[in-house]
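Letter by letter, the chains look like this.
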Amino acid sequence: MFADYSWGELLSIFAMQGFAGLILFSVFVLMALGLAIIFGQMGVINMAHGEFMILGAYVTYLVSRLFETYMPALFGIYFFIAMALAFVVAGALGMVVEWTLIRRLYKRPLDTLLATWGLSLILQQLFRSVFGPREVGVTIPQWMMGSLPLTDTIEVPINGLFVMVLAMSISAAIYVLMFRSRWGLQVRAVVANRTMADAVGINTERTDRLTFGIGCGVAGVAGAAFTMIGSTGPTSGQLYIVDTFLVVVFGGAGSLIGTIASAFSISQAQSILEFFLSGSMAKVLTLLAVVGILMVRPQGLFALKLRK
Amino acid sequence: MTDFPSMATGRDGRFLNRTEMLGAAALALLVFVLLPLALDPFRLNLFGKYLTYAFVAVGLVLCWGAGGILSLGQGIFFGLGGYALAMFLKLEASTPEATAIQSTPGIPDFMDWNQITALPGWWQPFHSLTFTIIAVVAVPVIFAFIIGTAMFRRRVGGVYFSIITQAIAAILTILIIGQQGYTGGVNGITDLRTLNGWDIRTDEAKTVLYFVNGALLFGCLALAQFVRRSKLGRILIAMRDREDRVRFSGYDVASFKIFVFCLGAAFAAIGGAMFTLQVGFMSPSFVGIVPSIEMVIFCAVGGRNSILGAVWGTLLVNWAKTTFSEGFPELWQFGMGALFIAVVLVFPDGLAGLWKQHVEPLFARLKPRPSAPQPAE
Amino acid sequence: MTEKTPKPTFAAPSRRAFLTASAALSASLFLPKGLRAQDFPTAAVNTTGLAVTDTEVTVGILHSVTGTMSISETGSVQAEKLAIEQINKMGGVLGRQIKFVQEDGASDWPTFAEKARKLLVDNKVASVMGCWTSASRKAVLPVFEQYNGMLYYPTFYEGLEQSPNVIYTGQEATQQIIAGLDWVTKTKGAKSFYLLGSDYIWPRTSNKIARKHIEKLGLEVVGEEYYPLGHTQFNSVINKIKLKKPDVIYAIVVGGSNVAFYKQLKAAGIDMTKEKPLLLTISVTEDEILGIGGENIDGAYACMKYFQSLDNPNNVDFVKAFKEMYGNDIVIGDVTQAAYLGPWLWKAAVEKAGSFDIDKIKEASPGIELPTAPEGYVKVHENHHLWSKTRVGHAQADGQYKVVFETSDLVEPDPFPEGYQ
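Chains as they are written, first to last, in the numbering used here: chain A, 1095 to 1402; chain B, 732 to 1108; chain C, 64 to 484.
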């Protein structure tokens, strides 16, 4: 299939394709980080993860409308405010949900799955009642939708760059939080041994609530960022849920590095396959490979050694 | 799962204890007498459709309630069973006369639309009803056996098992939709007419199918009860509560799990086949993630530990869904969501648990004291 | 849903338009405005036990208001309710006011079949306006044939179907596709095409027809590709398109994928206003642009039979009435307009047949003309599809299309096209 093209063309296409893979990687990282915290650290299966993302997207939509109407001069930078607000709103809702729902279910992980599925149905209907069943169009500041032409054929989409930078900064922030802050220490202690953590004076309830809230908040930021590349509608969140869980499980629950590694391998595999095959088959093959590998190595790529 | 008291089973050696007998009789009364008398053929057919989901829920009681394995991919087996039968019915409906308008008469319409000019080899055996009936159960069971062996031998369990089965359901859906020339794609296999010459679309046929469906369901219930009362059932519960101790006692834990998973798959497949017969088509929307999770909720509402409860739960949720969505089409999702949450938070043992806690004590009080002493349960 | 209660004074222009137009019907069939129910005794116009009384007739509306498809189907529900309102204002059908029973298909095909059966068996509705996806139509079709109901189906679709119990008010694939391809080759000089679609029957069948036609014209298809419904990452295919450098991207992406596709296309530096490559779609109506954002699809071309911006008196009245009922921000897409035709076509058929009986309506339907249609004059073909014009619209940044081409004649519907199968 390459015979018709010059080396220069091929080279630039491979560069572009590599870049597409990196964007996909960043998207996966953003999708999965929040869940990796919630599922990996707390063992809660949050089926409403996609809805928390869409909540972030709707917050972005509202903020964009607000700026359009009242502060058109500042429209170019509304996106940053929207992301911060998405984090706060989704995180706050997450903490409420943890307090009313999740904390009663820590000993029954499979039941969190059912309860959060119910939550996702309620949130979907809520979005539908408030914003209508149609998708809403989020206007993105013009400077974010363009591309930087490097050569004739290589063009770097700015929103792709933005997603990449965002994924990196959030990963870094979470790394710092987890491994360099007091909260992170407490989370890791609770994950390693809840009873002992309690015994040494860690407020496990507060830690749990904060962890869940941060996980949901990160989902909200991801949702806000995805308004640049995807749709915002009541049921858009469901599009992400299977991919997200597979990324987290494949990486090995409990390991943030694992999540990033698995996001990288799945995205690269999918992106390369998509180039050579039709989209549907690429998706099936990627998923099959992931499931196959998980059957052979159920603990995922990186397993956290724990005493259970 | 240790916070659920395990069910009291098998100690008195009878197949059904007193309350179970009552429950089964009440269900039989409802399914075979009350519903057919009270409902017109249309509503009866609707309940027939609900009952096909009950097969899945009963299988889930065995896998999840007893065995502690929560499969989020039961739709796979429901779908495979349904598709197997749908293939047979479609071939029967695609006579050269009925399909004369096509460029290749005699093959299913969706193949013709996709430029397939000859029936693919793997469709051929589905000309035979005997083969189809075997395939309805065998194909899903073999599939379940492969999944089960791969996972349980490697001790994949709990949440991981759930998520992987969910992913498999997603893969299968994409495959069926993508290979539409062979599977009918997103539309599914539609416009099924006759079973061995017998028109399944008439009201009479639907009523007959309803009773066949009910009888099969009670067969499955009996089989499930048999498994639960047997030594196997007790091992399953022991495994659910303390898997490693069972393993250390020398039992081959994986084999038991594989067995019960395959049994659940077989139940689901029978349900799927009955669904195809009563609804008249099969589509990939029953294979995916959403229906699979919905089927889990039927089971949870009924009570994950109660075989009969699963049937009641299925009937109740579906009936509520239909009524609710007829009355308030834009709001029924709130109700469904609330139900999911309530069943987990407020009554984790479902209808069966409520019954045990609130209704049975009433019965006990009504009963005259001095008569025969109650067996301790 | 966020509907406003209809205002009582909105139907006058349409009514006038309808009356002028009705005069075009042959005199024997023409039924004047003041139809009174007593001229049509219920026993005579309803011999099969439909829900028709001396004052009322019940019809069904069957669309998804929950689930993923509610995004698309909301507009159809609104249009059908508007049409029913207007007909009632004009005195109803054979002097009877139309009452509707609305059921939710919940984006789930068996639910559609179940509700269709309910409408026909329990409610005995005289006709049903409903369905959107092919899958839902396929699911309800046996039900309509078994219980002898009448379905008015609004979506443009793949064809390959022709049921006496269905009136297809949208275009079938050849009507929509061929005129657009001819236009793009003639006026834009396109030589090579890249076909892209969501992975299900409508895009696949449509692309099959497109490919045959492109090859007939002696031109080249350089790629054909399908992505699962709901797919959100299109960077790889965009790269492939850049590599193949087609003149035209022929896109039939649907649903949420649409938004992702156009946003990513724009971000990848493909400026559609430069028309290198040109983008031609048959799946993006004004409704979809709401979600995509007009600035992201500015410059693309769409080929269908109706655009909101269509400049004719019927459409001006229709758009005005629609906005009065549902608010100024509402947009109207091709399917919404086709859904609006449903109740009107049914009314015309009932009045031509002088009866609500399904068999008589089936017989009366072919040949019915509707000069009041917002898209302009339409006529029902023997095969129960509509004769209609096909138009090409040029997407503007404000989310509307500017009509740049219109077929001179009505295009004949041909659901089983010879040479395209």
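Some hints could be false.
Quick list of in silico lysine-lysine cross-link-like pairs, DSS-like style, CA-CA up to 25 Å [stated by the list, open to error]:
| id | chain 1 | residue 1 | chain 2 | residue 2 |
| --- | --- | --- | --- | --- |
| 1 | C | 425 | C | 383 |
| 2 | C | 254 | C | 279 |
| 3 | C | 308 | B | 780 |
| 4 | C | 271 | C | 308 |
| 5 | C | 187 | B | 1052 |
| 6 | C | 271 | C | 307 |
| 7 | A | 1201 | B | 780 |
| 8 | C | 465 | C | 423 |
| 9 | B | 937 | C | 187 |
| 10 | B | 780 | B | 937 |
Everything labelled a hint here was simulated from the structure, so no lab data went into it.
Quick rundown of the hints versus the structure:
A C-alpha spacing of about 32 Å is found between residue 425 of chain C and residue 383 of chain C, which places the hinted pair above 25 Å, so the restraint is violated. With a C-alpha separation of about 12 Å, the suggested pairing of residue 254 of chain C with residue 279 of chain C holds against the 25 Å cut-off. Note on residue 308 of chain C and residue 780 of chain B: the hinted pairing is violated, with a Cα-Cα distance of about 52 Å set against a maximum of 25 Å. Of the supplied pair hints, the one linking residue 271 of chain C and residue 308 of chain C holds, its CA atoms being roughly 21 Å apart against a limit of 25 Å.
Between residue 187 of chain C and residue 1052 of chain B the alpha-carbon distance is near 22 Å, which keeps this suggested pair within the 25 Å criterion. With a C-alpha separation of about 20 Å, the suggested pairing of residue 271 of chain C with residue 307 of chain C holds against the 25 Å cut-off. Pair hint residue 1201 of chain A plus residue 780 of chain B does not hold up; C-alpha atoms about 35 Å apart against a cutoff of 25 Å. Distance hint between residue 465 of chain C and residue 423 of chain C is unfulfilled; the C-alpha atoms sit about 41 Å from each other, more than 25 Å.
Using a Cα cut-off of 25 Å, the hinted pair residue 937 of chain B and residue 187 of chain C holds, with the two alpha carbons roughly 20 Å apart. In summary, the hint linking residue 780 of chain B to residue 937 of chain B is supported, as the alpha carbons are separated by about 10 Å, within the 25 Å threshold.
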